[in-house]
Each structure stands twice: as structure tokens, then as C-alpha cells.
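Asks: Chain by chain, the residues:
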Amino acid sequence: MTRNEKLLKVQEIFRDVLDQPDLCITERFSTTDCPEWDSVATVQIVLATEAAFDIRMPMETVAGLRQVSELLDLLS
Amino acid sequence: MLPRAAITAIHHCIPTRRLTEAELEARFGARQVQSIAKLSGIHERRIVEPGMTAADLAYAAADRLLNDRSIPRESIDLLVVTTQTGDYQIPGTAFVLHERLGLSQSCAVYDLNQGCAAYPYALALAQGLFATGAAQRALILNTDALSGIIHPQDRTLVTLHGDGAVATLLEVAKGEEGLLGFHFGTDSSGWRYLCMPASGARQPKTELTRQEITDETGNVRTSEHFQMNGQAIFHFAIHKVPEVTRSALARFGVTVADLDLVVLHQANRFMIEQIYKKLGVPPEKQFFYLENVGNLSGASAPSVLSEAVRQGRVKPGALILLAAFGVGLSWGLTLIRIGPQGLAPVAASTELSSSS
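These protein sequence lines map, in sequence, to chains L and H. Residues 1 to 76 in the numbering used here are what the first sequence lists, from first letter to last. Residues 1001 to 1356 in the numbering used here are what the second sequence lists, from first letter to last.
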């Protein structure tokens, strides 16, 4: 799966968690771009991403997660 | 066989002051509060009034328990107090409570600086002293009033936490009942994720530590307030707790099918449901006590047990697994067998008002 394909898969998760069906995200999409992306949403995004890609993220990455690119780096 | 401790009475105490959803919506906005409540399952918290402390709650819980069971104060030979919100830096809160409760000079006193995992740690400490013969009747007091160390504009903490205390009486087991096993662990790589930075010698309080900082989502705090990285803690709990619970069950030689009740620290409802699901705990072995009180920190896990007793969910001879986790980051699990007589609820109020 290419990085862009992973981005599209992650985008589906963001749309679902943030309840924004038309949301388009880039790698630079971050918490500052979206007030709905709070710590509660982060928890849901992380759990959904872990389930979708069958991975377990390091706690320190989860602790500092603010931008989509940080998620994608873990999926490569 | 070495003497073993058994739980023979338990009672909890929460403040009468309610912090409601309406109050929080006025403070933080309805959308934010509802979003958190949807995940946490917490809709009301009990918090202390100004002037009331965690020690007051612990005193009330203990005093009512001892009176209800007509326990002579001089017969208590061990007092363990766990709290993160003691009355003083020096001395430990256990000394203050020892005096207030009128315990004897032959009573050993311990303070345990532990957070949400406090209960199994305190029970294990007592169990060790029972095994040596140094203690035969112990009072364990788990109490926290985090509302006083949380910034009122920090919605990630204000919305979740309540204040409370639990008193547990331990006596020498006469039969198969008692504290049957313990399992502990620590991942100290995460201690910063639950921390009150300017609260000790490492970072003395200054003008700078009193400065308010607003994060990108609008939470306000200073270095003198308790801080939590909620996403890290949630991630830790949801993965680590099922893992260590499986290890504990293997160590104890039991399965979920053998258990009558699985008690978990009540951090938030979604987390607890996920942990129950991962462990395959059926609904009849689950218990929740957070919706109207909040996360009671070190008093949380024992308050679940206490409330389960009050609701008749703890039968004579019941086998209970209790798992608690939090600050450190730490976890502790214990396997408890209730005696054949069961645990009668303490016939006293579970509330304390500032006029009491």
C-alpha cells in the first residue's frame, strides 16, 4: 500500500470519527485545523487506525499526536 | 500456613456537592462536554466544598465503618492511607487520621503515595504484615480529592474526576476467604503523562509555575496543577490492562469463568467496556460506578467494590478479581475471596456535607 493509499484509508477514519463525511485531509492536516480534533477524537482515531492497519502505536507517539503525517510515518 | 488478610467490611464516602453537566456546559460549551461524556459515561461528579479535604472523607468513611461494626479503636494495629492529596507535605496523612480516629500507640501507620492503582498496593502491604504476624486487624483508607489540584478550566480533567474515600477493614482469614494473590507492574516511561510538575523539590513553585498556559484546544492549566495526557493514558490502559489481567489470571490459576465479579478502576466507561470486551467478561460479572460520581482516582476501585456490596452484588464466597491502574504508570491486580458470611453493607450514609 502506498503512502497515498494509506492517507485515503486514514481519511475515512477521520471522516467517521469527526463526523465530517466530506472532509479531505492532507499529511499536514493537524489539530489546529480542526477544533473537533481534540484528545477524545485522537483516542478514537488511534484505536481505529490500529485496528485498520493491525498495528500498535508506541505510547509516546500517541501522547504527542497532532498531525496526520505522524500517523502515516508509523504506517510505513 | 501463613496468616492471610480477609476483607470483613468496606464503606465509602463521597461529598454531597454535585458538579453537574449543566455547570460544565456553561463553563466549557455543550459540544465539548457532550463529546467527553459520550465516551466517559460520566454525567455528574461529587467534589469537596472549600475547606473539606480527602482526609475528611477518609475519616468519615472509617469512623462510620468502625462504629457500624463496633470495632474497638485500640484493636486496629495497622493503618494504611493512600492519597495524592494529603493534608500536609509533612507529616503523612496517616498520622493525622491516626489521631482523629483515636487509634492506639501500638498501631503501625503507613502512607502510600499511589494513584489509581493504590488499592491492590495497600492490600498487598497489609497482607505482608499479616503474614509476619505484625498485624491482625488493619484499616485501609484510600482517599483522593483531585478537584483541588485540577485547574477549573482544564476540561480534560474537570469533566472526569470526582472526590471520594473508601475504608476497608481487614482481619485474619479463618477459612478459604481472603486476599488470594497479587500481580503488579510498572511502565515508568509514562510517568510524565500523569503529573503535577511544580509540586515538590524538582520544580519549586515560582511566578513562572503559576502562569496559566492554554493549549490549542482551549484547556487551561499551570505547572502547579495536576496534568494528564489523556490520549496516552487511554492508549496505555486499553492495551496494557487486558494484557496484564491475562497474566494475573494465569498466575492465580483461574479463568474469567471462575470469577463472580471483575472490578476495574473506573477511569471512563468506554475504556472499561473495551477492557471487559477484550477479556470476555460477561455483563453479569461487570460493575460500573462512575456515572454520577466520576473517576475517584485512588478511591475508585475500592468504591466499586463497596458499591457492589451495597447493591447486593457480592455474594457469600464470591471470587472477585480487582484491577487498578494509573499514575506511574502502574497497575495492580488482586484476587479476593469473600467469606462464607458475606459482606454486610455498613448501615451509614455514603455522603459527607461540609456541615457534617
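Accuracy of the hints is not assured; some may be wrong.
To be verified - With a Cα cut of at most 27 angstroms, we get these calculated DSS-like pairs of lysine-lysine:
| # | chain 1 | residue 1 | chain 2 | residue 2 |
| --- | --- | --- | --- | --- |
| 1 | H | K1240 | H | K1278 |
| 2 | L | K9 | H | K1278 |
| 3 | L | K9 | H | K1277 |
| 4 | L | K9 | H | K1038 |
I should point out that these hints are in silico values taken from the structure, not numbers from a laboratory.
Asks: Could you run down the list of hints and mark each one as holding or not?
Replies: Results for each hint:
Among the hinted pairs, H:K1240 with H:K1278 is consistent with the structure: their alpha-carbon atoms are about 11 angstroms apart, no more than 27 angstroms. Under the criterion of a C-alpha separation no larger than 27 angstroms, the hint pairing L:K9 with H:K1278 is consistent with the structure, at around 25 angstroms. Among the hinted pairs, L:K9 with H:K1277 is consistent with the structure: their alpha-carbon atoms are about 26 angstroms apart, no more than 27 angstroms. This hinted pair checks out: L:K9 and H:K1038 have alpha carbons roughly 25 angstroms apart, not beyond 27 angstroms.
The structure agrees with every numbered hint stated previously.
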